[in-house]
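Trainee: Listed in order, the protein sequences are those of chains A and B. Numbered by numbering that gives the first Met the number 0, the letters in the first sequence go through residues 0 to 239 in order. Numbered by numbering that gives the first Met the number 0, the letters in the second sequence go through residues 0 to 210 in order.
By construction, these hints were calculated from the structure, which means they are not laboratory data. Some clues are possibly wrong.
[Said to hold, decoys possible] When the alpha-carbon atoms are kept at most 25 Å apart in a straight line, the in silico SDA-like pairs for lysine to any residue are as follows:
#1 Lys171/A x Pro210/A
#2 Lys75/B x Arg44/A
#3 Lys171/A x Glu123/A
#4 Lys90/B x Pro205/A
#5 Lys138/B x Asp189/A
#6 Lys138/B x Arg118/A
#7 Lys138/B x Asp32/A
#8 Lys137/B x Gln217/A
#9 Lys90/B x Arg234/A
#10 Lys168/B x Glu24/A
#11 Lys173/A x Thr183/A
#12 Lys34/A x Leu140/B
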Amino acid sequence: MRIDPEKCISCLECIDYCPMKCIREGAEATVIDEKECVECGVCLRAGVCPTDAIFMPEEAFQYPRSIRREFSDPGVQYPTLKQGGRGTEEMKTNDVTGRYRRGEFGMALEFGRPGTGTRISEIEKVLKVLLKMDVEVERNNPVFLLLKNEKTGEMKPEVLNEKVLSAILEFKIKENQLEDVVNTLRPVLDDVDTVVSWGLATRFAPDGTLPVRSRLAQIGLPARPNAKINMGMGRPVVEA
Amino acid sequence: MSHSLHRNGTTENLQNDYTFYARASRFVNREGCGPKLRRILEIILAEQPVNFGSSQAGKSARAGLDPKEYAQTLDKAYGVACCFSGKEALKRALVKLKEADTGISIVAGGLIDEITAVAEEIGITPHTAFLSLGIHGKKALLPEEEVLEMTTMCGHGMVSFNLARAVIKKVQSGEMSPEEGGTLLAQPCPCGIFNSDRCEALLRELREKTS
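With the hints as constraints, model all of the structure from the sequences given.
Mentor: What follows is the structure in structure tokens.
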């Protein structure tokens with residue numbers, strides 16, 4: 000995003016809207032730090048600029064900078080994936096896709112969430128560790144498109160320093176891998192230069208319970224009391 | 000919409016906060032799903048959600064999205080999102096959706112025990128849960144908990160920490176009402192799952208603490 004200095008009257012109304020805290024008062028006009036801007040468009044959509052000085056510059060559409068907008072603005076669709084948002088359908092449609100079966104867990108590590116943003120290099124650090132384990136990385140997630148080497152987790156060098164509001168590493172593990180995966184990932188996550196929100200998708204047991212909650216508590220990673228739940232109303236159901 | 004998953008809060012203040020998402024699958028039933036999504040929208044609107052919207056529409060009800068305008072976007076969309084402030088409203092919507100049997104996947108967010116109790120009461124069997132295992136990494140980057148409780152209601156991160164801080168300050172000084180604050184903070188979230196009622200309650204609580 001950019002502010003036209005000829006139009007800006009330095010009213011500062013836009014500053015607080017920036018999720019990345021990268022709009023500041025300049026000597027003659029309000030300015031956006033383009034290194035930190037993730038092209039989410041919040042400042043523009045807020046509609047608070049009285050002189051329409053905020054605009055999306057051409058550079059925002061040019062690769063590799065274009066990935067900032069694709070990952071940060073939920074209204075933008077990925078050209079190849081034909082979907083918006085930052086992740087996939089994950090468990091939202093699991094009743095009709097059968098993506099996560101009993102005996103498996105889905106995992107989602109969302110880098111930069113909540114509200115800090117992330118460089119792609121931070122994701123690479125974790126992905127390189129993850130790929131040494133026997134896990135199934137989700138190929139339909141846009142992060143997969145940034146990979147240079149699918150086996151090592153090396154990202155394309157030109158995207159490493161791009162910053163996005165958040166990006167999600169999605170993968171699937173077998174139920175018996177839970178403790179190993181958690182214990183391996185925790186120290187790696189402690190070392191990244193951003194925050195990571197961690198999610199786990201699981202099927203309900205036939206008796207309507209979620210046995211993984213007690214397992215998570217036992218390994219010191221308790222699940223929050225709130226969650227999102229696929230209500231099983233999609234048709235046809237793949238696995239009842 | 001993993002973005003409805005990681006709402007910060009206490010068991011107390013997460014009560015009366017329910018997200019709702021109807022989602023067609025790209026691999027199964029997205030083709031021609033517009034009429035079904037419109038039927039779902041009709042059902043949820045009858046239960047008076049606090050907020051609704053979509054990234055395709057580009058804005059939420061709290062930012063001025065008209066239901067007719069929303070309905071028109073659904074031929075090019077694949078989901079309908081909203082939030083409710085009452086368990087009974089969510090329950091009524093689910094009962095009607097069960098009867099409508101659209102075949103579109105339905106996801107409800109909120110306290111696990113409350114959602115599963117609703118499901119049992121109305122005779123549906125929850126299929127899959129997405130649990131939040133909390134925030135990891137460089138937590139020093141995070142703001143105060145009261146800010147996170149508000150901003151995480153937009154999981155896409157569209158509501159900035161500083162906007163929440165500014166609104167809290169204005170509400171505490173009497174420059175803005177909690178209701179106005181809740182509405183203002185809901186506006187950057189286009190998906191319409193930012194619960195402005197809950198935000199208003201959180202703001203009111205913070206104002207009372209300082210008075």
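Trainee: Check the hint pairing Lys173/A with Thr183/A against an upper bound of 25 Å on the C-alpha distance.
Mentor: 15 Å, holds
Trainee: CA of Lys171/A to CA of Glu123/A, is that 25 Å or under?
Mentor: Measuring from Cα to Cα gives roughly 18 Å; hence the hint holds.
Trainee: Given the hinted pair Lys137/B and Gln217/A, is their Cα-Cα distance within 25 Å?
Mentor: 24 Å, holds
Trainee: Holds or violated: Lys90/B and Pro205/A, Cα atoms, limit 25 Å.
Mentor: 22 Å, holds
Trainee: Is the Cα-Cα distance between Lys171/A and Pro210/A 25 Å or less?
Mentor: 18 Å, holds
Trainee: Straight-line Cα separation of Lys138/B and Arg118/A no greater than 25 Å?
Mentor: The given pair, whose Cα atoms are some 16 Å apart, holds under the 25 Å limit.
Trainee: Need the status of pair Lys90/B, Arg234/A: alpha-carbon distance at most 25 Å?
Mentor: 20 Å, holds
Trainee: Given the hinted pair Lys75/B and Arg44/A, is their Cα-Cα distance within 25 Å?
Mentor: 21 Å, holds
Trainee: With the threshold set at 25 Å, check whether the alpha-carbon distance from Lys34/A to Leu140/B stays at or below it.
Mentor: Status holds; Cα separation ~18 Å.
Trainee: Does Lys138/B pair with Asp189/A here, judged by a C-alpha cut-off of 25 Å?
Mentor: 9 Å, holds
Trainee: Holds or violated: Lys168/B with Glu24/A, Cα cutoff 25 Å?
Mentor: Holds. Lys168/B to Glu24/A sits at ~20 Å (cutoff 25 Å).
Trainee: Please work out if Lys138/B and Asp32/A have their alpha carbons no farther apart than 25 Å.
Mentor: Holds, because 23 Å separates the two Cα atoms, which is no more than 25 Å.
Violated hints for the displayed structure: none, as all numbered hints are satisfied.
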